[in-house]
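J.: For chain A, the structure is supplied; the task is to place chains B, C and D on it using the hints.
Number of protein chains: 4
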Amino acid sequence: GRPADYIPELARADRGRFAIAVETLDGESAAAGEADAPFSIQSISKVFTLTLAIERLGDALWSRVGVEPSGNAFNSIVQLEAEHGRPRNPFINAGAIVVADTLLAGRRPAEALAEILAFARAAAGDDGVGFDTAVAASETATGHRNRSLAHFMAAEGNLAGGIEEVLSVYFHQCSLAMSARQLARAGRYLAAGGGGLAGAACTRRVLGLMLTCGHYDGSGAFAFRVGLPGKSGVGGGILAIVPGIASVAAWCPGLGPGGNSVIASRALERLAAETGWSVFAGG
Amino acid sequence: GRPADYIPELARADRGRFAIAVETLDGESAAAGEADAPFSIQSISKVFTLTLAIERLGDALWSRVGVEPSGNAFNSIVQLEAEHGRPRNPFINAGAIVVADTLLAGRRPAEALAEILAFARAAAGDDGVGFDTAVAASETATGHRNRSLAHFMAAEGNLAGGIEEVLSVYFHQCSLAMSARQLARAGRYLAAGGGGLAGAACTRRVLGLMLTCGHYDGSGAFAFRVGLPGKSGVGGGILAIVPGIASVAAWCPGLGPGGNSVIASRALERLAAETGWSVFAGG
Amino acid sequence: GRPADYIPELARADRGRFAIAVETLDGESAAAGEADAPFSIQSISKVFTLTLAIERLGDALWSRVGVEPSGNAFNSIVQLEAEHGRPRNPFINAGAIVVADTLLAGRRPAEALAEILAFARAAAGDDGVGFDTAVAASETATGHRNRSLAHFMAAEGNLAGGIEEVLSVYFHQCSLAMSARQLARAGRYLAAGGGGLAGAACTRRVLGLMLTCGHYDGSGAFAFRVGLPGKSGVGGGILAIVPGIASVAAWCPGLGPGGNSVIASRALERLAAETGWSVFAGG
Amino acid sequence: GRPADYIPELARADRGRFAIAVETLDGESAAAGEADAPFSIQSISKVFTLTLAIERLGDALWSRVGVEPSGNAFNSIVQLEAEHGRPRNPFINAGAIVVADTLLAGRRPAEALAEILAFARAAAGDDGVGFDTAVAASETATGHRNRSLAHFMAAEGNLAGGIEEVLSVYFHQCSLAMSARQLARAGRYLAAGGGGLAGAACTRRVLGLMLTCGHYDGSGAFAFRVGLPGKSGVGGGILAIVPGIASVAAWCPGLGPGGNSVIASRALERLAAETGWSVFAGG
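Chains as they are written, first to last, in this note's numbering: chain A, 1 to 283; chain B, 284 to 566; chain C, 567 to 849; chain D, 850 to 1132.
For reference, chain A alone in the conformation it holds in the complex (with noise of 0.2 Å):
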């Protein structure tokens, strides 16, 4: 796998460096690799602005972006063209744009980006979790495809913040910089089915949506090989969640053709192997 090389910041990565890191419901932690080392989380972020999303606005979020796979690519804008501008599900880009101008509403971005701060700071436990400011303004300045993808959703009238100001918001969650033992820890609110942070409710939505999209065009893969809700950022990080038993987090820069990292993905299939974790196989 090679690492992102549309975002400069990131297409530094070293691809040889791995972790992963697995936290139980029961309270046990596990990890192997460079577990305290922070990485650019990316687009595992819109798991958290996802939940924040549905929590504020319940069944009104969908009016504005789908529960679908899109059988594109994460950044495609044929679909948006095809459907006026509302975005397929809420994790390729379009649609994470869209829920993050649900979460501008109206406000300053760094109101957004505090409230944002402060979910991904609670489910870690953690208040070492932050912005990574120079990968923010490195997607800042050479986000064009996601700037295209913003006019395009305001010209169908599904953008209600002022573009940079919604991309402000976006390109900042993305740029959360978090270790695999404070992702893992981070997941640990959707095994649980909540946990005073959101809904059980809420949590079965995202899980299923992370289950059916989480991996862009190569999430039914996924689902086949894994068997876990998960959710992949070009970082190199993926979030895996054994629901009411764990949460997993691996990461290794290295990234497939579908924008997912190969060496984390293969990590959690033997990891499932060998536990007999996935949700298709019975108690």
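Simulated from the structure, these hints should not be mistaken for lab results. Since this is a predicted model, take the numbers as computed values, not measurements. Glycine residues also receive a C-beta, built at the ideal position from the N, C-alpha and C atoms. Hints should not be assumed to be uniformly reliable.
Not everything, but these chain C residues come out facing chain B in the computed CB check (under 8 Å) [to be verified]: (1) Glu647; (2) Leu683; (3) Arg687; (4) Arg713; (5) His717; (6) Ala721.
T.: For chains B, C and D alone, kept in the frame of chain A given last:
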């Protein structure tokens, strides 16, 4: 919803009919409505033929058919052109025709159909299961769209058998008539992780594909609302699996715009809500 | 360029062969290369069948086939799905199959083919023109892609005749064998505005469609470089018309990526440059 | 037809207004309706900028923009994604934005606009031609779709200038206000094969592109019905050229579904029928 109107024999279905049947792995049975009335299971048969094809070919199957949601309607040909005759997944029509081709495997259609029928009877534990030749004849007479898909794949070299032989297998498998109770029983091997009819690796893959692709372009919504692997048919039936716990079949002929039974979906959503059954809710 | 390889009989063509023939309305003839060697005119026959269909149906034809460039390859099925089985124009394969269906009109294929042959012979003024049954048989045996198009249109209700009857007309018309000299003569009626074979309104429409759609997805480049209405065939032939002045046929079997003869295109570009013939150059 | 409603300033146009003006190369003039009333020529300006770009860059232009009909709407982004940011032709919006970028060429927008204005004035022989800054401001304020196209091309490396600089050129060129008489005069250089403003090779190419791509997804129908190279604008104007003979401008604000003036098209169709003017009818 409205009954499927593109197959004349199905268009006569009475949309007021309804059934639901639950079979637990503990041996308990429950049913409501016309649970012993046979209906045309149509695309739900793809679950059985996929199981047979995986057991027969193993991972070699995936060179001919993919494992990703398509983002298109069940009978769309657009994706085939873009991806050189390799269907996105085994549950869209083109993919199921390829699966039928792998089961034909140089034999006469009657031999492949005997194998499929034997599997369905063994799974249901009921030799009363059979093909509905009137439905098969109706599809044979009007199946231009499926012939278009088959010729397209033949042009791309992804069909080994003769067009009419392969389609004879496909049209007959889709005409399988089962009651909700028979269908729920037939699904127990998926809930049980194989149970003598298939290996555990095979059933997990089938369940993964059911969750991501089992309701065509409504798969995300079903995962989201019901939270169980399911497979729908245009006869109005849906088979849903609770891994390790139960197999459920629901039936009502009226279909929504995506080709899935509206009432059967809602019945399963309500059942899932009341029992708490969901692959996204930890035990 | 390379000879068409999807029709076995054409794949044997020698790419070193070449001919060009010019017939002016003043009665002058000029030719170079193997101008009396017959070749398979393939899609150039669509010009003749379109003329017959317009004369037969008038504007009623356009309810079944459009008049716009497709932006896709000659055998693409994508547009048919998006536009409900109505082909973009009469020169892509799907459109020509619909035109063949209008000429079949309830008759037996042999009757429609006799009418097409009589037209081609009258236009060329030469009863030596005939079908190449080996080529027709070759296409019949391997024409899965065209069968896919035909079944798709039948599914959408845009085909009146039986699939094999319509395709028999289509495959035989494409097998018409003519020399460059015969083809150039056959095109005179288009340069002359009808001349007993068609009305002036009809020939203008045929020429308009040749200019915008006659070279599939290379139509713009041909209009741009040559500046004349033209129609290409995968046998390597091109018919170009200089309205009011002349008809020109060029032939060389090697095709470019768009399915048009590379050398025949260049020969016509050079002829146009040296004569000044162009519909875009006044008087 | 209805006036364009996506540009607020144009939506106020009175659809009852009409004008037609003919200027022959012999020096004769004829006009009817409000032939001296200025209107927003919008996309007709692309004819002038394309002429300037061909004269400036020659065939190097075609590495950045194609010459084929798109088969899509004028503002579609689908083709850009499939073809890596290279617009199909210079008359769809994306293509005209690339052409504007080549004219900007490192200069300030005001310099490029001065060159465009000088060309339009010279072609019309009238220094009264000017930009309508209210229209340009209206497009600047609402042009999300064009910004989406521009950012997409920038992401693919097919835009050299800054987004806002390039769009400033594009929005202003589209705001050119001309009367039917001025526009007909301005088109004479195309009928004349250059006439001091461009070379003959350039004007033939512009006319070829007008015929195949000048009316977006209605180009085939215009070639078919009118038989002349033409270019439409959403302000309701159409410029049509009779090579060697005349330049014609027609105007009526009501647009059909494809974005072309319904009444101006019909007026040109009738004029062509009565005069016999057609590039498909020999002298």
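J.: Each hint: holds or not?
T.: Here is what the structure says about each hint:
1. Glu647: This interface hint holds because 5 Å falls under the 8 Å limit.
2. Leu683: Leu683(C) check fails; min Cβ-Cβ to chain B is 28 Å, beyond 8 Å.
3. Arg687: Hint violated; Arg687(C) Cβ to chain B Cβ min 33 Å, cut 8 Å.
4. Arg713: With Cβ-Cβ at 4 Å, under 8 Å, it holds.
5. His717: Interface hint status for His717(C): holds (4 Å vs cutoff 8 Å).
6. Ala721: holds, 4 Å
Hint compliance for this structure: hints 2, 3 are not met, and every other hint is.
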